[in-house]
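Q: Listed here are the chains, written in short residue letters.
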Amino acid sequence: MTPVYEPWNAGRGAEIIAEHSKLEGATLVILHALQEAFGYVPEPAIPMIASALNLSRAEVHGVFTFYHDFRREPAGRHVLKLCRAEACQAAGGDALAARAEAKLGIAIGNTTADERVTLEPIYCLGLCATAPSAMLDGRVVGRLDEARIDALVAEAQR
Amino acid sequence: MTMRIFVSRDAGAVAVGADDVALALEQAATERGVAIEIVRTGSRGLYWLEPMIEVATVQGRVAFGPVSESDVASVLDAMVADGPHALRLGVTEEIPWLKRQSRLTFARCGVIDPRSVEDYRAHSGYKGLERALMLNSDAILADVTTSGLRGRGGAGFPTGIKWKTVAQTSADRKYIVCNADEGDSGTFADRMIMEGDPFVVIEGMTIAAVAVGATKGYIYIRSEYPHAVVAMKAAISAAERAGYLGPRIGGSNHDFDLEVRVGAGAYVCGEETSLLESLEGRRGIVRAKPPLPAHKGLFGKPTVINNVLSFAAIPFILAGGAKAYADFGTGRSRGTMPIQLAGNVKHGGLFEAPFGITLGELVDDIGGGTFTGRPVRAVQVGGPLGAYFPRALFDTPFDYEAFAARDGLIGHGGIVVFDDSVDMSKQARFAMEFCAIESCGKCTPCRIGSTRGVETIDKIRAGEHVAENIAVVEDLCNTMKFGSLCALGGFTPYPVMSALKHFREDFGPVPTRLQAAE
Numbered sequence: 001m002t003p004v005y006e007p008w009n010a011g012r013g014a015e016i017i018a019e020h021s022k023l024e025g026a027t028l029v030i031l032h033a034l035q036e037a038f039g040y041v042p043e044p045a046i047p048m049i050a051s052a053l054n055l056s057r058a059e060v061h062g063v064f065t066f067y068h069d070f071r072r073e074p075a076g077r078h079v080l081k082l083c084r085a086e087a088c089q090a091a092g093g094d095a096l097a098a099r100a101e102a103k104l105g106i107a108i109g110n111t112t113a114d115e116r117v118t119l120e121p122i123y124c125l126g127l128c129a130t131a132p133s134a135m136l137d138g139r140v141v142g143r144l145d146e147a148r149i150d151a152l153v154a155e156a157q158r
Numbered sequence: 001m002t003m004r005i006f007v008s009r010d011a012g013a014v015a016v017g018a019d020d021v022a023l024a025l026e027q028a029a030t031e032r033g034v035a036i037e038i039v040r041t042g043s044r045g046l047y048w049l050e051p052m053i054e055v056a057t058v059q060g061r062v063a064f065g066p067v068s069e070s071d072v073a074s075v076l077d078a079m080v081a082d083g084p085h086a087l088r089l090g091v092t093e094e095i096p097w098l099k100r101q102s103r104l105t106f107a108r109c110g111v112i113d114p115r116s117v118e119d120y121r122a123h124s125g126y127k128g129l130e131r132a133l134m135l136n137s138d139a140i141l142a143d144v145t146t147s148g149l150r151g152r153g154g155a156g157f158p159t160g161i162k163w164k165t166v167a168q169t170s171a172d173r174k175y176i177v178c179n180a181d182e183g184d185s186g187t188f189a190d191r192m193i194m195e196g197d198p199f200v201v202i203e204g205m206t207i208a209a210v211a212v213g214a215t216k217g218y219i220y221i222r223s224e225y226p227h228a229v230v231a232m233k234a235a236i237s238a239a240e241r242a243g244y245l246g247p248r249i250g251g252s253n254h255d256f257d258l259e260v261r262v263g264a265g266a267y268v269c270g271e272e273t274s275l276l277e278s279l280e281g282r283r284g285i286v287r288a289k290p291p292l293p294a295h296k297g298l299f300g301k302p303t304v305i306n307n308v309l310s311f312a313a314i315p316f317i318l319a320g321g322a323k324a325y326a327d328f329g330t331g332r333s334r335g336t337m338p339i340q341l342a343g344n345v346k347h348g349g350l351f352e353a354p355f356g357i358t359l360g361e362l363v364d365d366i367g368g369g370t371f372t373g374r375p376v377r378a379v380q381v382g383g384p385l386g387a388y389f390p391r392a393l394f395d396t397p398f399d400y401e402a403f404a405a406r407d408g409l410i411g412h413g414g415i416v417v418f419d420d421s422v423d424m425s426k427q428a429r430f431a432m433e434f435c436a437i438e439s440c441g442k443c444t445p446c447r448i449g450s451t452r453g454v455e456t457i458d459k460i461r462a463g464e465h466v467a468e469n470i471a472v473v474e475d476l477c478n479t480m481k482f483g484s485l486c487a488l489g490g491f492t493p494y495p496v497m498s499a500l501k502h503f504r505e506d507f508g509p510v511p512t513r514l515q516a517a518e
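Residue numbers (our numbering), protein chains in the order written: chain G, 1 to 158; chain X, 1 to 518.
Next up, chain X with everything else stripped away, as it sits in the complex:
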């Protein structure tokens, strides 16, 4: 009997040798005369175990990892004999790190063949769209509202309200735009789902199109994600062939075309209005709001623009899961969040959990601390615009409001772990430098403030008039926070101010000690 072996084609797995492992597997199988079929899936998200390979058995899939090329022959022998092996991890679904999760959005990621509509359908794919096609617009919007889903890109705006606004705006043409410009360091959930389960994104966008009456959609993917671009394009072609995209989708009266567009290395294009400008073929300069994209978006037409993860949450919700989705979570943060553990972390990867789990549980318990083995000193949550939190704040629950109450943000759900060798004044400087590099230049606080911020932090680091210059940085941050047009300039103060507040000792001697030394 042919053995089915699953090897990830996710960029994160490929970066640590998954392609070489797949080749070595084929070779070892040929040498042994063992019949195998290699299925290239997405990643399960247990990155410290990548390349992780799985074999289908009667008990379910059994995983081995991390497998290097030199392990392949012995792993294959263990698979054939169903025998022990040092890298054998047991039944994949029973691995505690995976079992503890509530995978709603990522249910299929790492499981199915991301190029196959049939495989997607065999794992409950397109159930949401099939139901949506039997409902009217109001009923679809009611489901989205009931689920409590809020924008997963970071802003947390209620998705149901956004869609309703577009549905109620009349126009000759409406657009659905998927923001896949996932530029935040420490985040990779969009990339993973596009590479591992692209149809869920397509299905979510298609449901949005049906709900608001749009006929054309764009997925704007950053150029740093070439694997995701290939995966999405292949999935779109497959969906077209299967009649799920194009004219009369799924046999209904709705037409919907989808196209991938590739960014060009501008971080600011993750901001929705800048992304729309870029899609229109212009410089990625932020637009002033209002008008909202829901009223005047792409090419001036009403536009639903959502993050990849927001669209990817929709099929579960529309497949009768609105109430079940809302039952997860806490306070006003409903459902699950695909959280990404990154940086100097022992067990890094994708952990989808209901809102409410604490930062400490995520970093220490699930993440297992640092891979260097040194103590965790700081974590940055929410990308380059997110605050640095010290251990003292590890009781903060993962929830939009709880983070905001502590001058932080959850952003796109990325957590970057730093050990005690980190220099927080250097990190604060980097935040300003990054803003200076990536600023679109439209508003003064961001364009000039970030450059002045770098200069001033350099003075602090050199020990020049430390107290006075810290006051200047605080003042600059205040101006940027309240005077910038978008989140780039507006949120850069979060990492800077949090570093100053929680790690003051990294910014030179505090005034009292300075006096004592004199």
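Chain G extracted, bound-state conformation:
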């Protein structure tokens, strides 16, 4: 399923921030909620979070940039995450990752020029007994082989 995101809107952003700002240690919760709504964390949201939580803009920026999950800009229409950790390496994951890179014509960590697919590494989905594994737009897939990775890539390109 293709995720559907709202376009950035400061009013909507403020609403999301207000919804969570009373929680203890709310910064990550708010960043997650914004990304869930907009597909990324738009730059103008950072000072808004800072003022809602009585933090400095630098502090919020620091949190935002520390975590791998948060995006500065929208991802491709589909996000394909390939597990690159040891259990998947042991099961032949490296060769499959190289195959996906070749099929898409991009290195892991990039988005295709047509903005259809973002290919990302992930360090362990906890599917280590059905390795190698991947996640396409939140759907988990295990026991990958050449045919299954090809099918996943084709699905992501649609």
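No wet-lab data here; the hints were simulated from the structure. We put the CB at the ideal spot given by N, CA and C, even for glycine. Be aware that one or more of the hints could be misleading.
Computed cross-link-like contacts, DSSO-like style, restricted to lysine-lysine with a CA-CA straight-line distance of at most 30 Å [said to hold, decoys possible]: (1) X:Lys-99 x X:Lys-323; (2) X:Lys-216 x G:Lys-22; (3) G:Lys-22 x X:Lys-301; (4) X:Lys-442 x X:Lys-481; (5) X:Lys-426 x G:Lys-103; (6) X:Lys-233 x G:Lys-22.
Only part of the chain G face toward chain X is listed, based on derived beta-carbon distances under 7 Å [as the list claims (entries may be wrong)]: (7) Tyr-5; (8) Asp-69; (9) Val-141.
On the provided structure of chain G, position chain X as indicated by the hints.
A: Showing chain X alone in chain G's frame:
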């Protein structure tokens, strides 16, 4: 009569088609006019047999697997006729791989409906909390201490002592934090129990709250586990409705609220002080200890922070099982350990066994060797920070001290199996690279050492001054091991040094052969 059929909703089963199988089952049943009720459970942990489906019979549940969508119709016919089928595995509990285990923590996983408090209670759930509510704090702590339980996250610190410290520290507010940031590759026990028996984690945390006088708890789950997040949130709501969370839990005078928080892809947040920083809404930067979290933890308040499996072991212990728990195990490692067999292994999955079982038994006998059929060359035990062991060390018993004595660690109990096609210098490089990617940056040995480690191993792999560069790596590892603030930088030397020590031939020609060639 309606047939009850059990299909796992565990992410590991879903990843290999369990949802499609469940749909196909419904369809096949409708076509045949057979009345069925599908119960979505957790996984039994026999992952090479997933999707495994079970049917309730008079002899007990009978399992079939691995079932693909195209097998569903014939499997359903075999279920109705109680007849033979190529995928029929017999009575689930009698499958040798399951029967050989001592499932204390995972007793209900794969058996019950993880969304149902009633089902949990029908399988001895909440017996531990009910007893704890009749005891005073000292008596609960005594049970935890008697059980010999040590932190299952990897550090192995005695749980009873940790709880006692928090109980004895006075404060206006205390916290219970569950570390569900299971980032180690090769481990999935936390994910499985959260998806398959979330109430056992909630019950364990609630008992901790009663013991130390805490009123608020957080479960910090990594974002890579969306299924576990959903399962825990649903279980918390169900427990609240049943009066097991919220004000006056179980009719007592204790209040306890529980909330799920989701991580954001930082491995270092599995380190407890970094996790607390993250929960407070900050960068996941490691704190210097002391002060211990037990004295000054979340928001500066006394905090019990334990791994999922530690909390999940508690209900059995408090339900009168403290002595029985301690009777399992060996030496100072008491009780059972949910061991996870992963990677290139034939029979991968969750094997809960008393401490003391040897690595060789686990890999060859229980794991059945590799699924590629090639010889096992190395296993990494304990995640990305664990040592690589060669076959020569397969007599090592699974036990905190025995692994430490051989420069390894059991960590969170994950074993990743590699066949003879593995290049150990590449694995050593990956260990350094992973540390460089995930370092929080606070201490120099970890932040800089890991990057220099990658560069130096690259030189070794390119054949440049091999002996000299190996000496540099050894020196770097020594600095990281003793100079890092937390286990990320401190333990990265384990995989690197073990690869060098046991698989030296993968790091280029050894000096004597080099001389001979000249």
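Q: Give a verdict on every hint.
A: Hint by hint, here is what the structure shows:
1. At most 30 Å may separate the alpha-carbon atoms for a hinted pair to count; Lys-99 (chain X) and Lys-323 (chain X) meet this at roughly 22 Å.
2. Distance check on the hinted pair: Lys-216 (chain X) and Lys-22 (chain G) sit about 16 Å apart at the alpha-carbon level, within 30 Å; holds.
3. A threshold of 30 Å between alpha carbons decides the hint, and for Lys-22 (chain G) with Lys-301 (chain X) the separation of about 19 Å falls inside it, so the pair holds.
4. Our distance criterion of 30 Å between C-alpha atoms is met by Lys-442 (chain X) and Lys-481 (chain X), whose separation comes to about 15 Å.
5. Distance restraint check for Lys-426 (chain X) and Lys-103 (chain G): the Cα-Cα separation of roughly 24 Å lies within the 30 Å cut-off, and the hinted pair is therefore satisfied.
6. Taken as a hint, the Lys-233 (chain X) and Lys-22 (chain G) pair is honoured in the structure, with Cα atoms around 20 Å apart against an allowance of 30 Å.
7. Nearest Cβ of chain X to the Cβ of Tyr-5 (chain G): about 17 Å, over the 7 Å cut. The hint is violated.
8. Against a cut-off of 7 Å between C-beta atoms, the interface hint on Asp-69 (chain G) holds, since the closest Cβ of chain X lies about 4 Å away.
9. The criterion of a C-beta within 7 Å of any C-beta in chain X is met by Val-141 (chain G), whose closest approach is roughly 5 Å, and the hint holds.
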